[in-house]
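Numbered per the working numbering, the sequence shown spans residues 1 to 574.
One should not assume that every hint holds.
Just the calculated beta-carbon pair ranges, DEER-fashion [claimed, not checked]: (1) Ile466 - Tyr375: 32 to 42 Å; (2) Ser117 - Thr45: 17 to 27 Å; (3) Pro46 - Gln72: 25 to 35 Å; (4) Ala476 - Gly370: 44 to 54 Å; (5) Glu251 - Lys7: 19 to 29 Å.
In case anyone wonders, no lab produced these hints; they're calculated from the structure.
Note that beta-carbon positions come from the ideal geometry of N, C-alpha and C, so glycine has one too.
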Amino acid sequence: MRHISDKEHTINKRLHKLYPPEVADRAVDSIIDLIFKYKSRIKSTPYHLSEKDVILITYGDQVNKDYEPSLQTLKGFMDKHLKGIINSVHILPFYPYSSDDGFSVVNYGAVDPKMGSWREIEQISGEYRLMVDGVINHISQFSDWFKAYLSGDSYFQDFFIEVDPSIDLSKVVRPRALPLLSEFVDDAGRTRHVWTTFSKDQVDLNYKSHRVLRNVLDALFYYVEKGATLIRLDAIAFIWKEIGTECVHLEQTHELIQLMREVLHEVAPEVIIITETNVPHHENVSYFGSGDDEAQMVYNFALPPLLVHSILTGNTKTLTAWGKTLTLPSDKVCFFNFTASHDGIGLRPIKGILTEEEVQSLGNTVKSHGGLVSYKTDPDGTQSPYELNCSYIDALTHPDERDDVRYKRMILAQGTVLAMPGVPGIYFHSLVGSRNYKDGVKHTGVNRTINREKYNIDWLEKELSIHGSLPKKMLASYKRLISIRINEPAFNPFGKFEFLELGDHLFAVDQHCVNNRERIIAIHNFSDEEVDCELPKNVSLPLRDLVVSSTVVDLLSTSITLKPYQMMWLKGTL
Numbered sequence: 001m002r003h004i005s006d007k008e009h010t011i012n013k014r015l016h017k018l019y020p021p022e023v024a025d026r027a028v029d030s031i032i033d034l035i036f037k038y039k040s041r042i043k044s045t046p047y048h049l050s051e052k053d054v055i056l057i058t059y060g061d062q063v064n065k066d067y068e069p070s071l072q073t074l075k076g077f078m079d080k081h082l083k084g085i086i087n088s089v090h091i092l093p094f095y096p097y098s099s100d101d102g103f104s105v106v107n108y109g110a111v112d113p114k115m116g117s118w119r120e121i122e123q124i125s126g127e128y129r130l131m132v133d134g135v136i137n138h139i140s141q142f143s144d145w146f147k148a149y150l151s152g153d154s155y156f157q158d159f160f161i162e163v164d165p166s167i168d169l170s171k172v173v174r175p176r177a178l179p180l181l182s183e184f185v186d187d188a189g190r191t192r193h194v195w196t197t198f199s200k201d202q203v204d205l206n207y208k209s210h211r212v213l214r215n216v217l218d219a220l221f222y223y224v225e226k227g228a229t230l231i232r233l234d235a236i237a238f239i240w241k242e243i244g245t246e247c248v249h250l251e252q253t254h255e256l257i258q259l260m261r262e263v264l265h266e267v268a269p270e271v272i273i274i275t276e277t278n279v280p281h282h283e284n285v286s287y288f289g290s291g292d293d294e295a296q297m298v299y300n301f302a303l304p305p306l307l308v309h310s311i312l313t314g315n316t317k318t319l320t321a322w323g324k325t326l327t328l329p330s331d332k333v334c335f336f337n338f339t340a341s342h343d344g345i346g347l348r349p350i351k352g353i354l355t356e357e358e359v360q361s362l363g364n365t366v367k368s369h370g371g372l373v374s375y376k377t378d379p380d381g382t383q384s385p386y387e388l389n390c391s392y393i394d395a396l397t398h399p400d401e402r403d404d405v406r407y408k409r410m411i412l413a414q415g416t417v418l419a420m421p422g423v424p425g426i427y428f429h430s431l432v433g434s435r436n437y438k439d440g441v442k443h444t445g446v447n448r449t450i451n452r453e454k455y456n457i458d459w460l461e462k463e464l465s466i467h468g469s470l471p472k473k474m475l476a477s478y479k480r481l482i483s484i485r486i487n488e489p490a491f492n493p494f495g496k497f498e499f500l501e502l503g504d505h506l507f508a509v510d511q512h513c514v515n516n517r518e519r520i521i522a523i524h525n526f527s528d529e530e531v532d533c534e535l536p537k538n539v540s541l542p543l544r545d546l547v548v549s550s551t552v553v554d555l556l557s558t559s560i561t562l563k564p565y566q567m568m569w570l571k572g573t574l
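The whole structure should be built from the sequences, with the hints applied where relevant.
Here you go:
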């Protein structure tokens with residue numbers, strides 16, 4: 001096995017692709033030192049994803065209790081309600097921050113004291129698989145790194161990207177309707193125009209500096225030391241900048257992700273890299289790389305808006321056609337499936353999948369449900385919608401509709417995600433059926449706040465104890481579906497799958513177990529009408545519906561009927 005110092009080692013070769021020879025050699029030395037530092041501090045334990053992996057997505061201060069660190073309160077909630085059902089948790093940025101609910105990090109190596117400390121993080125990672133955010137495209141303007149840059153500290157002078165504002169940057173893809181360059185006055189009184197992709201308080205890091213790479217890798221290793229086994233690379237598509245290009249999905253970006261994965265795997269090969277690239281679907285899946293060198297999981301960003309569109313229209317034709325295009329480059333990677341997250345429902349991922357008229361209709365419907373629409377600036381200076389801001393349950397139903405319809409549509413959407421090929425992610429608010437947090441938007445002026453309400457734990461527990469309440473029904477139904485999923489090998493994220501065409505109202509996926517002949521055909525009725533369908537002739541009988549735990553398909557027939565918004569997970573053999 002070659003040592004990293006060998007010019008033919010892939011880490012060495014990647015560094016020489018990214019940097020000039022002398023700089024690359026220094027980078028090699030610093031990375032060797034990092035690996036040596038953490039090999040003695042991190043105990044590597046092999047792990048392979050399976051059907052048992054389900055990830056809760058939550059803020060560290062999602063639930064609060066007086067005189068108790070919120071991370072401790074969160075663990076108490078998980079232990080009480082989710083133990084043995086959900087085995088993993090993605091705690092959204094729990095570091096000290098200055099804006100964007102955590103995504104403007106002040107200090108990569110600390111825990112926000114309002115949430116707790118590394119002690120609470122390690123207690124959680126000791127009992128649940130922990131996913132953390134690598135918010136490494138940018139850092140807060142109030143971070144020590146940026147303060148040192150403005151103070152003239154020579155070590156930090158190449159940590160950020162200063163650009164003459166007269167330079168033409170019109171080709172750069174803009175995810176926000178905000179200036180690309182922000183003005184800062186340094187300690188010497190000089191005005192600096194610095195690259196800020198997302199906001200003035202989120203200053204982009206310059207990965208053309210090998211010292212930036214070294215310090216970021218140090219932070220990622222530290223998270224692994226504290227128990228992280230999954231690392232979400234936030235906004236990673238924008239990480240490398242080359243003036244004169246779109247500055248998104250650049251070759252160097254993919255090279256950098258592959259490098260980070262390989263360096264981390266030198267110490268902890270079980271670490272899973274998840275890329276967060278909220279972009280058109282065909283661009284998103286490029287982050288799988290060749291299937292064994294880049295992200296092991298990629299967010300399935302097209303799924304949330306397609307599910308909303310399909311349920312609102314009662315038509316699954318587009319959803320099924322899109323599903324049939326889903327392919328993976330190897331059996332070592334899979335999709336990370338979800339409906340809601342701390343962000344809104346992205347619209348860029350469905351570019352080319354839904355028509356402009358369908359996207360416009362989707363936005364209008366969500367607004368009529370009490371939601372909001374956020375916009376970005378296009379290269380021609382015009383603005384276009386990029387995100388729907390709405391709780392997922394409210395996106396699916398008008399405020400005047402009955403709660404039983406609201407519940408049926410929501411659990412249908414969540415059940416569909418649980419039956420999709422890949423690993424499911426469940427946002428806390430989906431788990432309990434949270435509604436639009438309009439007062440929060442009024443308070444912050446930020447559209448995304450509508451789906452980021454934080455709860456007093458005593459209030460939430462009371463809601464969950466009320467017989468027939470929407471939160472209680474959602475949590476109970478969700479837990480039951482998850483309990484089914486995690487005990488069925490056919491739901492292994494690396495198994496074979498096929499999307500079936502069973503009519504314009506049904507969405508169906510046939511999944512095969514990796515190591516035996518078991519299969520599950522999951523069928524979901526997206527309409528408010530009873531639907532008859534005929535299963536493929538090659539399906540062997542009998543089939544047992546796992547959702548109702550009884551044999552529902554006649555041994556002599558493959559004809560079935562689904563009630564409005566009903567789902568069937570039909571288990572059988574190949």
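- Query: Does 44 to 54 Å hold as the CB distance between alanine 476 and glycine 370, or does it fail?
  - Reply: For glycine 370 against alanine 476, whose Cβ atoms are near 26 Å apart, the range 44 to 54 Å is violated.
- Query: Is 19 to 29 Å right for how far apart the beta carbons of glutamate 251 and lysine 7 are?
  - Reply: holds (21 Å)
- Item | isoleucine 466 paired with tyrosine 375, Cβ distance criterion 32 to 42 Å | Since the Cβ atoms of isoleucine 466 and tyrosine 375 sit about 39 Å apart, the hinted range of 32 to 42 Å holds.
- Task: For the range 25 to 35 Å, tell me whether the beta carbons of proline 46 and glutamine 72 fit it or not.
- Result: holds (30 Å)
- Item | Supplied distance hint 17 to 27 Å, evaluated on CB atoms of serine 117 and threonine 45 | This hint holds: roughly 24 Å between Cβ atoms.
In this structure, only the earlier hint numbered 4 is contradicted, and the remaining ones agree with it.
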